[in-house]
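Participant: Hey, can you work out the whole structure from these sequences and the hints?
So you can see what is in the structure, the chains are spelled out below.
Protein chains: 4
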Amino acid sequence: MAKQVNLNADMGECFGVFKIGDDDALLDIIGSASIACGFHAGDPNTMHKVVMRAKEKGVSIGVHPGFNDLWGFGRRRIDMNTRDLEYMVAYQIGALQGMAAYAGMKVTHLKPHGSLNNMAAEDIEIALAIGRAMKTIDRKIIYVALAGSEMEAAAIKLELPLAREGFCDRLYDDDGNLTSRKIPGAVLHDPEEIKNRVVNMVLNEEIVSRNGKRLPRKIDSLCVHGDEPTAVTAARAVRRGLEAAGVKVLPLTEMKLG
Amino acid sequence: MAKQVNLNADMGECFGVFKIGDDDALLDIIGSASIACGFHAGDPNTMHKVVMRAKEKGVSIGVHPGFNDLWGFGRRRIDMNTRDLEYMVAYQIGALQGMAAYAGMKVTHLKPHGSLNNMAAEDIEIALAIGRAMKTIDRKIIYVALAGSEMEAAAIKLELPLAREGFCDRLYDDDGNLTSRKIPGAVLHDPEEIKNRVVNMVLNEEIVSRNGKRLPRKIDSLCVHGDEPTAVTAARAVRRGLEAAGVKVLPLTEMKLG
Amino acid sequence: MAKQVNLNADMGECFGVFKIGDDDALLDIIGSASIACGFHAGDPNTMHKVVMRAKEKGVSIGVHPGFNDLWGFGRRRIDMNTRDLEYMVAYQIGALQGMAAYAGMKVTHLKPHGSLNNMAAEDIEIALAIGRAMKTIDRKIIYVALAGSEMEAAAIKLELPLAREGFCDRLYDDDGNLTSRKIPGAVLHDPEEIKNRVVNMVLNEEIVSRNGKRLPRKIDSLCVHGDEPTAVTAARAVRRGLEAAGVKVLPLTEMKLG
Amino acid sequence: MAKQVNLNADMGECFGVFKIGDDDALLDIIGSASIACGFHAGDPNTMHKVVMRAKEKGVSIGVHPGFNDLWGFGRRRIDMNTRDLEYMVAYQIGALQGMAAYAGMKVTHLKPHGSLNNMAAEDIEIALAIGRAMKTIDRKIIYVALAGSEMEAAAIKLELPLAREGFCDRLYDDDGNLTSRKIPGAVLHDPEEIKNRVVNMVLNEEIVSRNGKRLPRKIDSLCVHGDEPTAVTAARAVRRGLEAAGVKVLPLTEMKLG
Numbered sequence: 001m002a003k004q005v006n007l008n009a010d011m012g013e014c015f016g017v018f019k020i021g022d023d024d025a026l027l028d029i030i031g032s033a034s035i036a037c038g039f040h041a042g043d044p045n046t047m048h049k050v051v052m053r054a055k056e057k058g059v060s061i062g063v064h065p066g067f068n069d070l071w072g073f074g075r076r077r078i079d080m081n082t083r084d085l086e087y088m089v090a091y092q093i094g095a096l097q098g099m100a101a102y103a104g105m106k107v108t109h110l111k112p113h114g115s116l117n118n119m120a121a122e123d124i125e126i127a128l129a130i131g132r133a134m135k136t137i138d139r140k141i142i143y144v145a146l147a148g149s150e151m152e153a154a155a156i157k158l159e160l161p162l163a164r165e166g167f168c169d170r171l172y173d174d175d176g177n178l179t180s181r182k183i184p185g186a187v188l189h190d191p192e193e194i195k196n197r198v199v200n201m202v203l204n205e206e207i208v209s210r211n212g213k214r215l216p217r218k219i220d221s222l223c224v225h226g227d228e229p230t231a232v233t234a235a236r237a238v239r240r241g242l243e244a245a246g247v248k249v250l251p252l253t254e255m256k257l258g
Numbered sequence: 001m002a003k004q005v006n007l008n009a010d011m012g013e014c015f016g017v018f019k020i021g022d023d024d025a026l027l028d029i030i031g032s033a034s035i036a037c038g039f040h041a042g043d044p045n046t047m048h049k050v051v052m053r054a055k056e057k058g059v060s061i062g063v064h065p066g067f068n069d070l071w072g073f074g075r076r077r078i079d080m081n082t083r084d085l086e087y088m089v090a091y092q093i094g095a096l097q098g099m100a101a102y103a104g105m106k107v108t109h110l111k112p113h114g115s116l117n118n119m120a121a122e123d124i125e126i127a128l129a130i131g132r133a134m135k136t137i138d139r140k141i142i143y144v145a146l147a148g149s150e151m152e153a154a155a156i157k158l159e160l161p162l163a164r165e166g167f168c169d170r171l172y173d174d175d176g177n178l179t180s181r182k183i184p185g186a187v188l189h190d191p192e193e194i195k196n197r198v199v200n201m202v203l204n205e206e207i208v209s210r211n212g213k214r215l216p217r218k219i220d221s222l223c224v225h226g227d228e229p230t231a232v233t234a235a236r237a238v239r240r241g242l243e244a245a246g247v248k249v250l251p252l253t254e255m256k257l258g
Numbered sequence: 001m002a003k004q005v006n007l008n009a010d011m012g013e014c015f016g017v018f019k020i021g022d023d024d025a026l027l028d029i030i031g032s033a034s035i036a037c038g039f040h041a042g043d044p045n046t047m048h049k050v051v052m053r054a055k056e057k058g059v060s061i062g063v064h065p066g067f068n069d070l071w072g073f074g075r076r077r078i079d080m081n082t083r084d085l086e087y088m089v090a091y092q093i094g095a096l097q098g099m100a101a102y103a104g105m106k107v108t109h110l111k112p113h114g115s116l117n118n119m120a121a122e123d124i125e126i127a128l129a130i131g132r133a134m135k136t137i138d139r140k141i142i143y144v145a146l147a148g149s150e151m152e153a154a155a156i157k158l159e160l161p162l163a164r165e166g167f168c169d170r171l172y173d174d175d176g177n178l179t180s181r182k183i184p185g186a187v188l189h190d191p192e193e194i195k196n197r198v199v200n201m202v203l204n205e206e207i208v209s210r211n212g213k214r215l216p217r218k219i220d221s222l223c224v225h226g227d228e229p230t231a232v233t234a235a236r237a238v239r240r241g242l243e244a245a246g247v248k249v250l251p252l253t254e255m256k257l258g
Numbered sequence: 001m002a003k004q005v006n007l008n009a010d011m012g013e014c015f016g017v018f019k020i021g022d023d024d025a026l027l028d029i030i031g032s033a034s035i036a037c038g039f040h041a042g043d044p045n046t047m048h049k050v051v052m053r054a055k056e057k058g059v060s061i062g063v064h065p066g067f068n069d070l071w072g073f074g075r076r077r078i079d080m081n082t083r084d085l086e087y088m089v090a091y092q093i094g095a096l097q098g099m100a101a102y103a104g105m106k107v108t109h110l111k112p113h114g115s116l117n118n119m120a121a122e123d124i125e126i127a128l129a130i131g132r133a134m135k136t137i138d139r140k141i142i143y144v145a146l147a148g149s150e151m152e153a154a155a156i157k158l159e160l161p162l163a164r165e166g167f168c169d170r171l172y173d174d175d176g177n178l179t180s181r182k183i184p185g186a187v188l189h190d191p192e193e194i195k196n197r198v199v200n201m202v203l204n205e206e207i208v209s210r211n212g213k214r215l216p217r218k219i220d221s222l223c224v225h226g227d228e229p230t231a232v233t234a235a236r237a238v239r240r241g242l243e244a245a246g247v248k249v250l251p252l253t254e255m256k257l258g
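Protein chains in written order, with this note's numbering: chain A, 1 to 258; chain B, 1 to 258; chain C, 1 to 258; chain D, 1 to 258.
The set of hints was computed from the structure by calculation and includes no laboratory data. Misleading hints may appear alongside valid ones.
In this list, chains with the same sequence are indistinguishable; a pair is considered to hold if it fits within one copy or across any two.
To be verified - Capping the alpha-carbon separation at 25 Å, the derived lysine to any residue pairs in SDA-like fashion look like this:
id: 1; residue 1: 256; residue 2: 105
id: 2; residue 1: 19; residue 2: 77
id: 3; residue 1: 57; residue 2: 24
id: 4; residue 1: 157; residue 2: 104
id: 5; residue 1: 135; residue 2: 22
id: 6; residue 1: 55; residue 2: 28
id: 7; residue 1: 218; residue 2: 175
id: 8; residue 1: 49; residue 2: 103
id: 9; residue 1: 157; residue 2: 101
id: 10; residue 1: 49; residue 2: 246
id: 11; residue 1: 49; residue 2: 158
id: 12; residue 1: 140; residue 2: 174
id: 13; residue 1: 49; residue 2: 20
id: 14; residue 1: 182; residue 2: 212
id: 15; residue 1: 182; residue 2: 81
id: 16; residue 1: 49; residue 2: 79
id: 17; residue 1: 248; residue 2: 184
id: 18; residue 1: 140; residue 2: 103
id: 19; residue 1: 19; residue 2: 79
id: 20; residue 1: 213; residue 2: 153
id: 21; residue 1: 49; residue 2: 132
id: 22; residue 1: 135; residue 2: 118
Facilitator: Laid out in structure tokens, this is it:
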């Protein structure tokens, strides 16, 4: 059977007149859009626009919930209790479902943003709080979780659909964690190198650490970025490289997950 | 057939540690709760709490959307374009639907808050924008509209379920509009007087203006308040007075609307 | 005596990761920067950065207060009472003074932003409320007021220093008001045309309306923009044109006003 | 020489229609008010009102800066970098100075709020960032610092005036830290007990830990609360007890510090 993989990207991160990212370019490349919901970024108009474009492009949509911190763009850790955090996520899921009605679409996945993602990857209580919000509202929503993280554990425990996520443009340590951005070279920029790593990751179901260690790892979804023109170029190279290698690039909704 | 009427109140208008209103007292009196959704007031925790309590008390729930103005509590007119306004309302409907999932409840009505209500009562374009958001998300949501206002016209035009609203504690002018709060005596405080006016309003399907003019007007839902202890006392008197007069006090979801 | 004029521009309108405008380019052109203070745009980091750059470039600094509406970028009219509005402006003046201490600079002018500017130009009560905030905090702050507007009247009444403002890239009606942006051609884009109009405006102390009517009008400060690359080009052309015509382009603090 | 001490309280923590605390009652008891500045609570109107009342009552005023988190009332830790944090504090100092101009008053102290206080007490980098903001704007502002904390160290290092703070209604551990609120009995409620502890603390310049250990500690300022009626009663008892014991209760501005 042909290999398959999903490409996802963060979307809808404008706020009023403030613009971020090239959503239109990415929508031609990815299969699934993770849409900001007004807490770390995004506003109702922006959400509406992205939802309508995703519909046109056949891209599936998901919630990209973040902390209530527009100033910090959701990148600052906020020490919330897990009950507050759960309802904050539920609120954002609902809000996007409201906007998705304009396109007659369903919200089919969730991927936490920024610090909320980092904290959920490390802390099972936070990962479970997010999962409970998903399960309460719609138990079919796919939890997009960093492969090997506490989010993966939470999705399994709560019996939520799970997509294990990998990163195209980041080095990994020998233990399978992402190499800290503080280490020089931790973030890759060369489209050719990024493409080759990703194709190997998917074809051989392994991640090669920065020391050359080969870690078996099945990746369902690869995260690409659109904040800079070079990121869009790399995302395009990844898509083409995967297709050239015979990999099917699909929306999350068409993936065989498990 | 016995007369019937709904009592509604604004709810969930706390924000974090900031408390407003006596939601628990009102939930024993009213049939339908209009729940703030985080824009003029309210936060995910508060929304969750009100939804769970409403479920326990058999009170139906609705959206109480407001302007994005916590500082002004949604009472300041903001000159938004109608497209922005429509999506802002859709966002708030969705957010409450998300929280309602915790109680397994449906969101069954919408009543705009503060200045958004005042502006929609006067301006058909705003009233229609709100209605389009409702219709897009769930065409069964009941539009709670000041009787005789542009919101009523919008609900009829969009073929949305309509509940005509009356006010227990406000004087009316001869033309059926509410007497301005700037006129002394425009707001009633005496529970006995309020009760008597309301019972007459429902039994005789008429409003008596401050000059004694009798205006035929069928009221489906009466707005009560809980901001002050006296308001709760008056709300309780209204409920008892209506029941003593043989009027059935029902949730909006059990009303025969038309 | 040589003619003199000030060039001013709005600055510091980023918010966290969200970027707007090319402040660095404009700081080489203008004499005075009007700095957003965190209400319609701007944050403490951005304010700090602009203040430090203005110091380096010899550009004087002023407050650019706006409504508390980041989502609407201060462009939506909000119906505040004048007392609230006055204290809101005072707060923003103080906040910028705090940041200005890092450069050892004084805040020397104020120009309202967006809808607050439009409303103050038309409504003397709003114009006076802004002026009272200025006068309470520092009666030497220069009120940058659309020439002929209620802001000008307020500055005179409150005996505040006044700089009459003109627009480089806008047509005027015969009565001296700006031609509405809804009229085609109301906003000019050609740098050469803009430069010629401005040089005439300053040398001959007159504005020529779109119908060719010549209106005597002494302009102290000209507003330039930096939102688009073409705007920066036009601003540069204006500066060069004025200097070529022998006009001194000065910070507001070095102008002879009155 | 007679002993002297200051009583301080948090003030101005309303936000729009949302009310918290009994500022008027406390202003008759305390010598110094720490005023919220619109980030964790407070708005320009509220700041104005508290400043004017403080003037009437002869109470000195200070900044009570908090995190930009109204929803969490500044009680959630936010992981900001120290540069952002410094400018955020500078902004709030400036904003209060702006409002203080209405009363012709100077801002004479600073006490961080909630989590910002907790973090600054533990982390010298945060404590120094706050101190740098103070020193840049006005090097005479008194740093109100938990006795023995990193804030105390920062004030000394930056050569800022320092007031060592003690708590009236909290138990202390043997090492001089506050007993965690999670330990039963950590917060005292009995006015008589509170008063006796405080009088001993001031007269004998010692803190008695919950195990009875006597720790020498000179306290310049005691924190009282006004969130609940019982807190106001306790604050009043403290004031009377101190005066009965011959202690002078003074504004920070009249204290001999150092």
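Participant: Can you list which hints this structure breaks, lowest number first?
Facilitator: 5, 10, 12 and 17
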